[in-house]
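Chemist: One-letter residues, chain by chain:
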Amino acid sequence: MHSFGYRLNALLTFAVTILALMCAIASLSDNFNTPSPSAEIQITNINWFQKQPQGNDEVSLTMNISADLQSLFTWNTKQVFIFVAAEYETPKNSLNQVSLWDAIIPAKEHAKFWIHTSNKYRFVDQGNNLRGKEFNLTLHWHVMPKTGKMFADKIVMTGYSLPEEYR
Amino acid sequence: MSWIGDTVDSIKSIQIRQLLTQGVSLGMIVTSALIIWKALMCITGSESPVVVVLSESMEPGFKRGDILFLHMSKEPIRAGEIVVFNVDGREIPIVHRVIKVHERQDTGEVDVLTKGDNNPGDDRLLYAQGQHWLQRQHIMGRAVGFLPYVGWVTIIMTEKPIIKYILIGALGLLVITSKD
Chain Y
1 MHSFGYRLNA LLTFAVTILA LMCAIASLSD NFNTPSPSAE IQITNINWFQ KQPQGNDEVS
61 LTMNISADLQ SLFTWNTKQV FIFVAAEYET PKNSLNQVSL WDAIIPAKEH AKFWIHTSNK
121 YRFVDQGNNL RGKEFNLTLH WHVMPKTGKM FADKIVMTGY SLPEEYR
Chain A
1 MSWIGDTVDS IKSIQIRQLL TQGVSLGMIV TSALIIWKAL MCITGSESPV VVVLSESMEP
61 GFKRGDILFL HMSKEPIRAG EIVVFNVDGR EIPIVHRVIK VHERQDTGEV DVLTKGDNNP
121 GDDRLLYAQG QHWLQRQHIM GRAVGFLPYV GWVTIIMTEK PIIKYILIGA LGLLVITSKD
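Top to bottom, those sequences are chains Y and A. Start counting the first sequence at 1; every next residue gets the next number (UniProt numbering). Start counting the second sequence at 1; every next residue gets the next number (UniProt numbering).
Since the hints were made in silico from the structure, they are not lab data. Misleading hints may appear alongside valid ones.
[Stated by the list, open to error] Straight line, CA to CA, 27 Å or less: simulated BS3-like cross-link-like pairs of lysine-lysine:
no.	chain 1	residue 1	chain 2	residue 2
1	Y	K112	Y	K78
2	A	K160	Y	K112
3	A	K74	A	K38
4	Y	K78	A	K63
Make a model of the complete structure from these sequences and hints.
Modeler: This is the structure we're talking about:
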């Protein structure tokens with residue numbers, strides 16, 4: 001009952017249980033954080049707007065993105081993944097979400113930023129419905145913890161629209 | 001080091017009834033592990049409630065050897081969610097983020113495009129020949145939580161199967177020779 005094997009077994013079981021408990025508590029502590037992020041996106045230019053040979057509309061645009069996401073970081077945060085998506089409706093599709101740009105924020109110091117960029121990913125429709133289309137730009141964030149539950153949320157900014165004609 | 005002598009003594013003095021009892025307790029341990037696994041499958045609604053991250057395509061968020069907890073609800077799939085999916089014809093599930101969603105007005109069915117955070121391009125190259133989008137039936141679950149490093153045990157056992165056999169052999173020996 002007091003052999004080396006039994007003692008090792010008891011020690012290991014206890015260690016693993018305590019470790020699991022600490023991970024759970026670390027994750028629970030994230031719930032006490034009330035984030036208050038802010039963001040603003042301006043479309044500075046529509047670079048071009050064409051219909052592709054396959055029949056799908058495509059837009060290239062340049063944006064100014066500024067955001068303050070410092071309140072999302074806790075001691076249990078490994079990184080925050082953010083992306084900007086265009087959301088709109090077409091006759092065929094009730095919802096379209098197209099990610100235009102994303103970034104990884106590794107630490108709180110980098111969470112307040114301003115960037116001038118063109119869309120990283122192609123803004124392509126399923127079809128040719130984009131002329132004059134009104135759309136929302138949403139900034140999504142995904143908080144990836146050092147251990148435990150992941151949180152995600154978004155800010156929706158409305159009032160953007162595409163030109164009536166191809167250019 | 002007297003436990004080596006004890007082990008040899010107990011192998012010599014094995015009785016049938018004791019052996020059967022220990023066989024049954026081993027069986028109980030294995031089946032209760034199976035019950036817990038199946039119960040997790042029911043609760044999370046996913047075929048595979050826990051997966052191990054095998055590649056570096058989601059770094060620095062998920063590293064090789066992390067484990068992910070999955071959950072599959074009826075809620076629609078939206079951009080930004082980290083999903084685990086199987087491509088037709090490939091066994092190994094892939095864990096990537098959804099970057100494009102097109103949901104039909106009439107049926108509510110959805111076309112989804114995914115991309116690994118650390119990959120330069122989207123996953124169209126990984127999909128089956130001629131497939132441009134994923135549908136809901138390809139997706140096994142959403143990642144809702146994770147634990148770092150715990151998955152290395154599975155990776156080591158898969159890549160060096162000899163360790164798996166050594167471990168099972170040692171456990172079997174331990175069960176047979178334990179005095180209670």
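Chemist: Hint by hint, note whether the structure agrees.
Modeler: Outcome of the hint check:
1. A C-alpha spacing of about 16 Å is found between K112(Y) and K78(Y), which places the hinted pair at or below 27 Å, so the restraint holds.
2. Distance hint between K160(A) and K112(Y) is unfulfilled; the C-alpha atoms sit about 46 Å from each other, more than 27 Å.
3. Proposed proximity of K74(A) and K38(A) is supported: the alpha carbons are some 20 Å apart, at most 27 Å.
4. Between the alpha carbons of K78(Y) and K63(A) the distance comes to roughly 12 Å, so the proposed pair stays at or under 27 Å and holds.
Checked against the numbered hints above, the structure breaks only hint 2 and satisfies the rest.
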